[in-house]
Amino acid sequence: MSTAIVTGQPVPGSSLENDLRSLGFDVRVAADAAETESLLAAVPAGRRVALVDARFVGHLHALRLGLTDPRFPVAAVPGAVTAQPDARPALTRAVARETSAPGGTATARATGGGAPALAVDSLADRVADALDADGGAVHRPELGSLVAAVPADPQARNEARQAVSAVDDEAVRLKSAVKSRDGFFTTFFISPYSRYIARWCARRGLTPNQVTTASLLTALIAAGCAATGTRGGFVAAGVLLIASFVLDCTDGQLARYALKYSTLGAWLDATFDRAKEYAYYAGLALGAARGGDDVWALALGAMILQTCRHVVDFSFNEANHDATANTSPTAALSDKLDSVGWTVWLRRMIVLPIGERWAMIAVLTAVTTPRITFYVLLVGCAFAAAYTTAGRVLRSVTRKARRTDRAAQALADLADPGPLAGAVRRVARKGLPGLAVPAVALLGGAVVVACSALTDFGGPLPVAGAVVYVLTSALAVARPLKGALDWLVPPFFRAAEYGTVLALAGKAGVNGALPAAFGLVAAVAYHHYDTVYRIRGSAGAPPAWLVRVIGGQEGRTLLVAVLAAVLTGAQFKVALTVLAVAVALVVLVESIRFWVSAGAPAVHDEGETA
76 MSTAIVTGQP VPGSSLENDL RSLGFDVRVA ADAAETESLL AAVPAGRRVA LVDARFVGHL
136 HALRLGLTDP RFPVAAVPGA VTAQPDARPA LTRAVARETS APGGTATARA TGGGAPALAV
196 DSLADRVADA LDADGGAVHR PELGSLVAAV PADPQARNEA RQAVSAVDDE AVRLKSAVKS
256 RDGFFTTFFI SPYSRYIARW CARRGLTPNQ VTTASLLTAL IAAGCAATGT RGGFVAAGVL
316 LIASFVLDCT DGQLARYALK YSTLGAWLDA TFDRAKEYAY YAGLALGAAR GGDDVWALAL
376 GAMILQTCRH VVDFSFNEAN HDATANTSPT AALSDKLDSV GWTVWLRRMI VLPIGERWAM
436 IAVLTAVTTP RITFYVLLVG CAFAAAYTTA GRVLRSVTRK ARRTDRAAQA LADLADPGPL
496 AGAVRRVARK GLPGLAVPAV ALLGGAVVVA CSALTDFGGP LPVAGAVVYV LTSALAVARP
556 LKGALDWLVP PFFRAAEYGT VLALAGKAGV NGALPAAFGL VAAVAYHHYD TVYRIRGSAG
616 APPAWLVRVI GGQEGRTLLV AVLAAVLTGA QFKVALTVLA VAVALVVLVE SIRFWVSAGA
676 PAVHDEGETA
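For the sequence shown, the numbering used here gives the first residue as 76, with consecutive numbering after it.
Hint data in this document are derived by calculation from the structure and do not stem from the laboratory.
All residues carry an ideal CB built from backbone N, CA and C; glycine is no exception.
Watch out, some of these pointers could steer you wrong.
Okay, derived cross-link-like pairs now, DSBU-like style, lysine-lysine, Cα gap no bigger than 30 Å in a straight line [stated by the list, open to error]:
hint, residue 1, residue 2
1, K250, K335
2, K505, K557
3, K582, K475
4, K505, K475
5, K557, K475
Simulated DEER-style distance windows between Cβ atoms [as the list claims (entries may be wrong)]:
hint, residue 1, residue 2, range
6, V310, V664, 13 to 21 Å
7, R168, H214, 13 to 21 Å
8, A645, H396, 43 to 51 Å
9, S613, R256, 17 to 25 Å
10, R256, R172, 36 to 44 Å
11, T303, A212, 38 to 46 Å
12, R278, H214, 24 to 32 Å
13, A498, D161, 34 to 42 Å
14, V664, P535, 34 to 42 Å
Work the whole structure out from these sequences, hints included.
Below, the structure is given as structure tokens:
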């Protein structure tokens, strides 16, 4: 349980102590700073502690935002400050300094809107200011219309209470549970009612992780229905896929509504989205096979295209996460277009974000065939990928930015180079200049995919192409990836590796080769997504031993090419299956171990627009 220390003389009629208890705090009262220091020292070290001025007037949700969000070590609203266990020493030092310092006056400082905000005789506010001055990065949530104040006199208290009565904090809480930036379909067809489902779940003690799991199970059942290959199964699959997406929106809204963020929850929310969609692709392919139509190549192509779209997003964002002088004429034009309402929604729709994409897949599944569904999906995703990538290339070449070592390291981790690339890089030593980096990465990938797709199965040419690819991929990552277009290197690598597996499996000409390739790409893609979310959680890349064990992207590409050259089609299918199972076991065990025990900060992924 957390502990709240209410400082100062209690105010008759105040509901503050009851409000704090309703938020899960054990409430203690301190008459002055000295008693506050004593009570603080008595609180067990593993507890969150909050200091709250007894004169506080405000909405319950303002206190909830300021005092219970698990993502921030230190947070404050006017009249209240809180510290999680790791930040307790800094809080203790700040309180000790304030105890020995002379008291403040009874004057209130005002916010920009003129409402009373910070009282300089408020211990909680002085401690928050002291933590700020010490570089403590105090999180101060945006309260909007919510009230949080320490009135200096009875008139100000009355005005603050009237301001509280004028705003329905439950309505504000429900509204803030919905992401401010979302797709058209999600905003207008899902969120208007899913927020109420989130509240229903919160009131019954359900957690976001439980809702995330329910969404996954629903999507897997949808995939099973699609795998039946019957029209009734396809209709049920479409309906269940939409239901899964509703739950997918609900879990994030529940996290924001109840402020139940966690490291594990962020990982589940992010990885389950991919697992649901790709399992559904497999279900469609199985259903088509029952009807005599083999669409496994289309299913694998859709998964590859979607994964490459995501890595474009991830790489571009990481490359520019903390870049300086991060401006360009293209970005300025985009900002101007954002001021025209209809263009915002149009641009959000044409990139085919998850809401629009899943709705399209669900409808097409119900009324057409799996083949048509995949054709439309591939065309739509290809257009969206071309649109977003072109815009990002234009931004990159027109901006004057200096990328940091952190960004370069993130791109290197996303590139997933293995021991072969490392050995070649040590021999080559010097890297490539400027735009030669992404150009060589693209060229090497094109060579190995072309050699795999344009020759008969079992020939030596794919192996030669893979050897060239090992050399070019090593050269591409030989120096820090700080160039204007170096963020294209990871997506080029993904397309090369996955495309090679698709081409060789398709050329094998035996039943089961493409499903086995689908499983292998899914396992490797999971590893790549896991890398992304570790980086986003500031937890670093997967351990070096894991990358060595699974070969790195260039090692896996060469291995698959060699297997295709020395094995028969039937043996190649078995080899792909074994490789898929081995990679999946290694990366899943390590990933689960890491995320269950991770010390990464509590977060909740806001979901990918794509």
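Hints not upheld, ascending by number
3, 6, 11
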